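Could you put together the complete structure from these sequences and hints?
Chains as they are written, first to last, in my numbering: chain A, 116 to 569; chain B, 116 to 569.
Calculated from the structure, these hints are not laboratory results. Treat each hint with caution, since some may be false.
Since the list can't tell identical chains apart, any single copy or any two copies may satisfy a pair.
What the hints assert, rightly or not - Distance condition first, Cα-Cα at most 25 Å in a straight line; then the derived DSS-like pairs of lysine-lysine:
no., residue 1, residue 2
1, Lys554, Lys276
2, Lys125, Lys193
3, Lys120, Lys564
4, Lys461, Lys399
5, Lys503, Lys564
6, Lys522, Lys282
7, Lys127, Lys554
8, Lys564, Lys127
9, Lys399, Lys564
Computed from a predicted model, the values in this text were never measured in an experiment.
Spelled out, the chains give:
Protein chains: 2
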Amino acid sequence: MQVWKDYQEKNKDRFLNELLDLLRIPSVSAKAEHKTDMQLCAEAVQQRLIEAGVDKVTIYPTDGHPIVYAEKIIDPAKPTVLVYGHYDVQPAEPLELWKSGPFDPVIIDGKIFARGSCDDKGQVYMHVKALETMVQTNTLTTNIKFCIEGEEEVGSPNLGKFVTAQKELLKADCILISDTAMLSLETPSIDTGVRGLSYIEVAVTGPNRDLHSGVYGGAVANPITILAKMIASCHDENNHITIPGFYDDVVEATAEERKLMAAAPFNEQEYAADLGVQELWGEKGFTSNERTGIRPTIEVNGIWGGYQGEGAKTVLPGKAFAKISARLVPNQSSEKITAKLLTYFKSIAPASVTVTAFEHHGGEPYMTPIDSKAYQAAAKAITTTFGKEPIPVRGGGSIPICSLFEKELGIKIVFMGFGLDSDNLHSPNEKFNLENYYKGIETIPYFHKYFSEM
Amino acid sequence: MQVWKDYQEKNKDRFLNELLDLLRIPSVSAKAEHKTDMQLCAEAVQQRLIEAGVDKVTIYPTDGHPIVYAEKIIDPAKPTVLVYGHYDVQPAEPLELWKSGPFDPVIIDGKIFARGSCDDKGQVYMHVKALETMVQTNTLTTNIKFCIEGEEEVGSPNLGKFVTAQKELLKADCILISDTAMLSLETPSIDTGVRGLSYIEVAVTGPNRDLHSGVYGGAVANPITILAKMIASCHDENNHITIPGFYDDVVEATAEERKLMAAAPFNEQEYAADLGVQELWGEKGFTSNERTGIRPTIEVNGIWGGYQGEGAKTVLPGKAFAKISARLVPNQSSEKITAKLLTYFKSIAPASVTVTAFEHHGGEPYMTPIDSKAYQAAAKAITTTFGKEPIPVRGGGSIPICSLFEKELGIKIVFMGFGLDSDNLHSPNEKFNLENYYKGIETIPYFHKYFSEM
Chain A
116 MQVWKDYQEK
126 NKDRFLNELL
136 DLLRIPSVSA
146 KAEHKTDMQL
156 CAEAVQQRLI
166 EAGVDKVTIY
176 PTDGHPIVYA
186 EKIIDPAKPT
196 VLVYGHYDVQ
206 PAEPLELWKS
216 GPFDPVIIDG
226 KIFARGSCDD
236 KGQVYMHVKA
246 LETMVQTNTL
256 TTNIKFCIEG
266 EEEVGSPNLG
276 KFVTAQKELL
286 KADCILISDT
296 AMLSLETPSI
306 DTGVRGLSYI
316 EVAVTGPNRD
326 LHSGVYGGAV
336 ANPITILAKM
346 IASCHDENNH
356 ITIPGFYDDV
366 VEATAEERKL
376 MAAAPFNEQE
386 YAADLGVQEL
396 WGEKGFTSNE
406 RTGIRPTIEV
416 NGIWGGYQGE
426 GAKTVLPGKA
436 FAKISARLVP
446 NQSSEKITAK
456 LLTYFKSIAP
466 ASVTVTAFEH
476 HGGEPYMTPI
486 DSKAYQAAAK
496 AITTTFGKEP
506 IPVRGGGSIP
516 ICSLFEKELG
526 IKIVFMGFGL
536 DSDNLHSPNE
546 KFNLENYYKG
556 IETIPYFHKY
566 FSEM
Chain B
116 MQVWKDYQEK
126 NKDRFLNELL
136 DLLRIPSVSA
146 KAEHKTDMQL
156 CAEAVQQRLI
166 EAGVDKVTIY
176 PTDGHPIVYA
186 EKIIDPAKPT
196 VLVYGHYDVQ
206 PAEPLELWKS
216 GPFDPVIIDG
226 KIFARGSCDD
236 KGQVYMHVKA
246 LETMVQTNTL
256 TTNIKFCIEG
266 EEEVGSPNLG
276 KFVTAQKELL
286 KADCILISDT
296 AMLSLETPSI
306 DTGVRGLSYI
316 EVAVTGPNRD
326 LHSGVYGGAV
336 ANPITILAKM
346 IASCHDENNH
356 ITIPGFYDDV
366 VEATAEERKL
376 MAAAPFNEQE
386 YAADLGVQEL
396 WGEKGFTSNE
406 RTGIRPTIEV
416 NGIWGGYQGE
426 GAKTVLPGKA
436 FAKISARLVP
446 NQSSEKITAK
456 LLTYFKSIAP
466 ASVTVTAFEH
476 HGGEPYMTPI
486 DSKAYQAAAK
496 AITTTFGKEP
506 IPVRGGGSIP
516 ICSLFEKELG
526 IKIVFMGFGL
536 DSDNLHSPNE
546 KFNLENYYKG
556 IETIPYFHKY
566 FSEM
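Here it is in structure tokens:
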């Protein structure tokens, strides 16, 4: 469609600058200090959607951060696409590892460096600019709805209630999400699933105060040592998870699916070299792609206790803490696994410490069929703009709301992600390649076109 | 000696106020930001020694923090007592757990709350005020030398060089140190030994950047998990240390010594209740007193890695760190154990991470005989002022320089400590009971008197 190409080429710089403005808002949902920024960001998304040509847009307050809903209904008889995304971002810490300010976007070597550039503001904004392209060129052939929330990075605690209450408003024929990655621009791919999540925090309390490690050391349980033993006990020597019942509900991938996965281009040496590790690591009996795709995992996301400053302090601390999360695969249940994790950490504690543990958030694993109309439209759109058919792969990350969307709205999701695994999501120096950003804006109109034709 | 009692009673309030002034200087040796405070504190100690009546006082610069040396020589033919102590203090963190400012001393319920109140400014200052008492009442019967350093809490890295270079200056008949505790005012005791120390820091590096725990989780070794496994591996199920060769040089306490220790008043229930723990913990086959006295230990003093902020962040961190120290008993060598620790942590790391480890500082264990003149003089002095003979016990803490003092100067040390184990040394809300402070000032002149008579 030359008309799209021309329009996008002409407005390229503005498309970029508008995104950079959005990236300047530190919309960190996990931190109370950013409450005002969250509201400002929701308002900015609202304003950009109006400019792009939606008929109506509403900011729905929630018990947490607001949800931006917008729609452009061209003809109720036409198919409707619901675009889901999020304007909130992960905390930027550790700040000292950023080469530029996380909320001062810079372009270096054709990449936008900023928190949220890829996850998910950049990918959401591709849809806003794709809509603008179709509206301005009078080529929109679907109805479009937007549901852009502000709590994805904290587990979407309030979106479920909204979806349940607003089934009519959100009614659509498919849900389109750009919040995942593809293998590369040369090897486009579509995620056919996302892992679920259980995220807990554990606190181990020993003595009622920090102690002199000489005077008391040896006679009192050290909460750090106990916590380390608890964490160490989660995996056996084959890196198999040992928590009772953890694998109970796992649906093993078929030999066929594992064969398909093994066929996807993957260079273990390059993967390790990119990460700077001498050897990969993981559950015995599975390949790296399987370990991040079809297998559930447990990771410690943070740990702290005792003296962490300069030099040495001979203290036996009173407390130690860890943030621990599990990625889940079909048909594990986040609620069940969270309960198992909480029980496990409490149950293995010796009587010389007390353990408290609570849930941060969770989300169910989700799989999408590759024979749906939406998947077919996405594959065709990508084939058109990339000149290559996308490979179906299983993604390792989580989008907590997916299974609830399907359950409440009765429609399938398609993940059309344009990021790369190497975009440093959730890490310092998050980036989004300009090429990927523009490729997304170029591809999305084709999705709508093909979806309306199917 | 009524004349001492009268003098001390008359000057009681001033003795306290001068100490409070000293406690207001944040002389934290571990932190570079306190370099100026260290110099100021050394000068304050110098000034107080002059006022107390020494003949000469010099501040000796070192590669680290300065050493204050002072002396009062009444007659070269008389015995000489070298008082060793330190004006530096442990870092005050975690600050949020202090009920008052660590460097804003307050008196509550007859206790001085401040960092350094007991360890060791308060105990050093007892000696300054004891000297003043003897000088002002013309009752000094020994020569007194003071060696008050500013790096005890960081392992005395520069004191050894000073001692070796200044053997003539430091020549004495005994070394008197008040930097330990007694069981209680009702059950006075004298430490007959201090444990040694090996203190290292371990860094585990996995991937070259923080990763998204979903995208990469399962395929890359998590440095926190690996560090936890390393720490967990240091003790077996009987809390026996598993590091190869760790116990090789340990001289087991005799049945006789263990019998004596068991006779000292100790109430396990009260000890646990004071610490707020349901159960004590430690090496199988030893009592709590043995675990802190005659047995070597390994404690994790601090751990950190990944996200430690509010809420949840799904990160697989690139690095994790721990500060780990061992307490040593005769005849373990700090140098040897440090080497074993460093080797152990490096050797058990899987190839999927890299481990670096370095030494913070160390100190040798030290035992002092109970039949020395100095010990006898200390025991007699305590018996005079407490009305009870002190019990010999083994202390759990470390004073790094002891074995070097003995080696270089060829004289014995006596530990006449007036603190309590419950003084929160190295912890928030460190305190020193006023009663113990004054009891120390009262007792020390008797030590000099009896020592000169022996």
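How the hints compare with the structure:
1. Lys554 / Lys276: Neither, since 34 Å and 68 Å both go past 25 Å.
2. Lys125 / Lys193: Answer is neither; intra-copy 29 Å and inter-copy 98 Å both fail.
3. Lys120 / Lys564: within (15 Å within a copy, 100 Å between copies)
4. Lys461 / Lys399: For Lys461 and Lys399, only the inter-copy Cα distance (24 Å) is at most 25 Å; the intra-copy one is 28 Å.
5. Lys503 / Lys564: within (18 Å within a copy, 96 Å between copies)
6. Lys522 / Lys282: This pair counts as within: shortest intra-copy Cα distance 11 Å, inter-copy 83 Å.
7. Lys127 / Lys554: within (11 Å within a copy, 82 Å between copies)
8. Lys564 / Lys127: within (22 Å within a copy, 92 Å between copies)
9. Lys399 / Lys564: neither (45 Å within a copy, 73 Å between copies)
Comparing the model with each numbered hint stated earlier shows that hints 1, 2 and 9 do not hold.
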